[in-house]
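*Asks:* Let the sequences and hints guide you as you build the complete structure.
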Amino acid sequence: QVQLQQSGAELAKPGSSVKISCKASGYTFTSYYISWIKQTTGQGLEYIGYINTGSGGTNYNEKFKGKATLTVDKSSSTAFMQLSSLTPDDSAVYYCARAGSFDYWGQGVMVTVSS
Amino acid sequence: DVVMTQTPVSLPVSLGGQASISCRSSQSLVHSNGNTYLHWYLQKPGQSPQLLIYRVSNRFSGVPDRFSGSGSGTDFTLKISRVEPEDLGDYYCLQSTHFPNTFGAGTKLELK
Numbered sequence: 002q003v004q005l006q007q008s009g010a011e012l013a014k015p016g017s018s019v020k021i022s023c024k025a026s027g028y029t030f031t032s033y034y035i036s037w038i039k040q041t042t043g044q045g046l047e048y049i050g051y052i053n054t055g056s057g058g059t060n061y062n063e064k065f066k067g068k069a070t071l072t073v074d075k076s077s078s079t080a081f082m083q084l085s086s087l088t089p090d091d092s093a094v095y096y097c098a099r100a101g102s103f104d105y106w107g108q109g110v111m112v113t114v115s116s
Numbered sequence: 523d524v525v526m527t528q529t530p531v532s533l534p535v536s537l538g539g540q541a542s543i544s545c546r547s548s549q550s551l552v553h554s555n556g557n558t559y560l561h562w563y564l565q566k567p568g569q570s571p572q573l574l575i576y577r578v579s580n581r582f583s584g585v586p587d588r589f590s591g592s593g594s595g596t597d598f599t600l601k602i603s604r605v606e607p608e609d610l611g612d613y614y615c616l617q618s619t620h621f622p623n624t625f626g627a628g629t630k631l632e633l634k
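Going down the list, the protein sequences come from chains A and B. Note that the first sequence ends on residue 116 in the working numbering; no numbers are left out. Note that the second sequence ends on residue 634 in the working numbering; no numbers are left out.
Since the hints were made in silico from the structure, they are not lab data. Quantities reported herein were computed from a predicted structural model and do not represent experimental measurements.
Listed below are the simulated DSBU-like cross-link pairs for lysine-lysine, each with C-alpha atoms no more than 30 angstroms apart in a straight line:
| id | chain 1 | residue 1 | chain 2 | residue 2 |
| --- | --- | --- | --- | --- |
| 1 | A | Lys64 | B | Lys566 |
| 2 | B | Lys601 | B | Lys566 |
| 3 | A | Lys24 | A | Lys66 |
| 4 | A | Lys14 | A | Lys68 |
| 5 | B | Lys566 | A | Lys24 |
| 6 | B | Lys566 | B | Lys630 |
| 7 | A | Lys68 | B | Lys566 |
| 8 | B | Lys601 | B | Lys634 |
| 9 | A | Lys75 | A | Lys64 |
| 10 | A | Lys75 | A | Lys24 |
| 11 | A | Lys14 | A | Lys24 |
| 12 | B | Lys566 | B | Lys634 |
| 13 | B | Lys566 | A | Lys20 |
| 14 | A | Lys20 | A | Lys66 |
| 15 | A | Lys64 | B | Lys630 |
*Replies:* See below:
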């Protein structure tokens, strides 16, 4: 069965970075792009961007350029998202999902930015 | 960016009753390839969103036929008939025709 397993919750200080992982199983990893989504109570669901899991090519929502960096390791069927220069506004739950119709989602990673 | 206007914000329903959620986009969601990439999700408390309907009217695997989607262009509807307790939660529409993909703000389906 298709699964996207994300890494655990993160507590980070302002100005630091975190790297979240999303490990895929149950399908051919390079057959689907991976998208990333941010969810907060205030802003709802926001689309961050996607990565082409075959080529590593990326496309970012303008709002998240410079904030998020998407990478992939095909050998381990894992996609990564690094969030940099963290501020309290980056506190959220971050999901990975198979791009297209977003048919499968990871369980989400709660990132808390606090001094 | 395409703005997805989802209504109502809150929808009280009775078990066994019917619910209807609307999603309107600020521009047409018809892709140049002729497909319309409008999808519906349910998010239960503490869980990830789960796909219900893809490309306007196609039920995802395992989704009961109580769920149906319709619409075209800029105007879309999700209908739930014979509401059951497991249907309660937050519903979202998503367009993936245009980049960046954008979500509706959500509709909370709750008991009357």
